[in-house]
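Build the full structure now, drawing on both the sequences and the hints.
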Amino acid sequence: MAVILTNTSVSPGIFKMTVEFTGDVKPGQFFMLRAWDKDPLLSRPISVHDYTPGKLTFLYQVVGKGTEILARLQTGDDVTIQGPYGNGFPKITEDLCVVGGGIGTAPLYYLVRNYKAENPTGKCRVYLGFRDTPYGVEAFEALADEVVLDVGGIITHKLSVTPDETVVTCGPEIMMESVAKTVSAENTVYVSLEAHMACGIGACLGCTCETKSGNKKVCKDGPVFLREEVFYV
Amino acid sequence: MSKCLETKFNDILFKNPVIPASGTFGFGREYEAFYDLAKLGGLCSKGLTLEPKPGNKGMRLWETPAGLMNSIGLENPGIDAFIKTEWPHLKAIDTVTVINVGGKDEESYLTAIEKLNAIDAQLIELNISCPNVKAGGMAYGMKAETAGDITKKVVDISRHPIMVKLSPNGDSIADIALACEAAGAQGISLINTLQGMAIDYKKKKVVFDNLYAGLSGPAVKPIALRMTHQVCQTVKIPVMAMGGISDWQDALEFIMAGATCIQIGTINFNNPMAPIEIIEGLEAYCINEGLANIGEVRGIV
Chain S
617 MAVILTNTSV SPGIFKMTVE FTGDVKPGQF FMLRAWDKDP LLSRPISVHD
667 YTPGKLTFLY QVVGKGTEIL ARLQTGDDVT IQGPYGNGFP KITEDLCVVG
717 GGIGTAPLYY LVRNYKAENP TGKCRVYLGF RDTPYGVEAF EALADEVVLD
767 VGGIITHKLS VTPDETVVTC GPEIMMESVA KTVSAENTVY VSLEAHMACG
817 IGACLGCTCE TKSGNKKVCK DGPVFLREEV FYV
Chain H
421 MSKCLETKFN DILFKNPVIP ASGTFGFGRE YEAFYDLAKL GGLCSKGLTL
471 EPKPGNKGMR LWETPAGLMN SIGLENPGID AFIKTEWPHL KAIDTVTVIN
521 VGGKDEESYL TAIEKLNAID AQLIELNISC PNVKAGGMAY GMKAETAGDI
571 TKKVVDISRH PIMVKLSPNG DSIADIALAC EAAGAQGISL INTLQGMAID
621 YKKKKVVFDN LYAGLSGPAV KPIALRMTHQ VCQTVKIPVM AMGGISDWQD
671 ALEFIMAGAT CIQIGTINFN NPMAPIEIIE GLEAYCINEG LANIGEVRGI
721 V
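Going down the list, the sequences are from chains S and H. Under this note's numbering, the letters of the first sequence match residues 617 to 849, in that order. Under this note's numbering, the letters of the second sequence match residues 421 to 721, in that order.
Hints in this document: simulated from the structure, not taken from any laboratory. Computed from a prediction, not measured in an experiment: that's the story for all the values here. Incorrect hints may appear among the rest.
To be verified - Derived list of chain H stretches under chain S, where covered just means 3 residues or more per stretch with a C-beta under 8 Å from a C-beta of chain S:
(1) 442-451
(2) 487-501
(3) 686-700
What the hints assert, rightly or not - Restricting the straight-line Cα-Cα distance to at most 27 Å, the calculated cross-link-like pairs of lysine-lysine (BS3-like) are:
(4) H:K504 x S:K828
(5) H:K535 x H:K511
(6) H:K477 x S:K681
(7) H:K656 x H:K563
(8) H:K624 x H:K477
(9) S:K671 x S:K836
(10) H:K524 x S:K832
(11) S:K732 x S:K681
(12) H:K459 x S:K836
(13) S:K836 x H:K511
(14) S:K739 x S:K774
(15) H:K477 x S:K832
Backbone N, C-alpha and C fix where the C-beta goes; we use that ideal spot for every residue, glycine too.
Here you go:
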């Protein structure tokens, strides 16, 4: 159980929730959230948007019954959170290029902030694609060396990657696939997958994805995978 | 821990009647981060088949009101890999491990059972009721005659007691249970998932590649309770009941309906501590009601 510090709309259908939490939280990990009894049955896997000791932030899109309930919660309300779960992004020391689409930009903010803290001289470029109203762009602009924004188009059309960049992408699968296929094989590319999950801890086998080394669990072995692992190339 | 929850399932002593159900608990490892598995009465392995299975493709999970449909398709490492990599770990835990076995035909069932003869298991749960794959054996579980037939063949070659896991999707479940008892089964577990269907109207397509899928969770509890009652009224062998149990009150209802033990399934996914909370709740109930043992309310309705 965690206490909600703030929970506000930042864009149509997009909410940002900060809860009181202290723990070992890595960028790219997620929590299972619930604030209801048995309907909907399952908790909702939501990625970590930002974390500092005492403050854990989620940026989430209202897509159904569960996220509708989450969006109605107020400051001071309790929300059940389990986690952090998942492997998270690996430590990146090269220059960083992140490519986010829609709500897939959510986990990338904590990644970029953490990267800049750990690599003060490292260069970080950010590509953000949105179908209509963009959100969270200023926050990336405050951190990154360059932010390229695309609204209504295809972000990967604007993408150019330098040889010393590690690429991280999260967003619609079709976008991640395009990033995985267009970026040179010389670059390291990580993709952060999304899947329907029941348990979040590797027990239900509901989020299994096929990889080159057999079935993997998105929740436990991922959600972050090397592009080579997940059949994109 | 007092002995008020100690339960005998034939000769097998369970420290309490609460057992996480097959397919919701992996091989236990994932839940070790939450509690000591030795607190459980027992645990049920993920459904095993003779050969490794990658499981079903496409969507595997779909929520319904207070329910969950799944089409995992018995993804599992196969019996040999289980014996090599999971069994030593499970065996070391001070609790009863129930080994769940499915098959696609008679030969695969019997070969799997023969391989399990090599280990010191306490109870095998014979899955003749998985609705999601041919290898789940639901074809055997729909009718009393075929259920009794495969049960007899398995019982004849197994050196371990066999508990047959029944499907709610076939003929009268009490008749099927009776046939399994007559064939030598030493226990019955029920219910496996109810076969259902989901359509994504936006995509104008069925949700599951396998067309139909299994429904579980609180939504199915009244049906599971009714079937448990019917089977417990019919057979003399002990019953391990499941279907939507999410708290100690639910568990108690199944025990009052006649179940010897209860299995905890889908609720593990949204509350990993559910089995422990249920054990504690049942224990408190015994103390508050002045019961020396939970068995005093078994089958009272």
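Hints, verified against the model:
no. : hint            : verdict
1   : 442-451         : holds (count 6)
2   : 487-501         : holds (count 5)
3   : 686-700         : holds (count 5)
4   : H:K504 x S:K828 : 24 Å, holds
5   : H:K535 x H:K511 : 16 Å, holds
6   : H:K477 x S:K681 : 26 Å, holds
7   : H:K656 x H:K563 : 20 Å, holds
8   : H:K624 x H:K477 : 19 Å, holds
9   : S:K671 x S:K836 : 24 Å, holds
10  : H:K524 x S:K832 : 24 Å, holds
11  : S:K732 x S:K681 : 36 Å, violated
12  : H:K459 x S:K836 : 25 Å, holds
13  : S:K836 x H:K511 : 24 Å, holds
14  : S:K739 x S:K774 : 18 Å, holds
15  : H:K477 x S:K832 : 13 Å, holds
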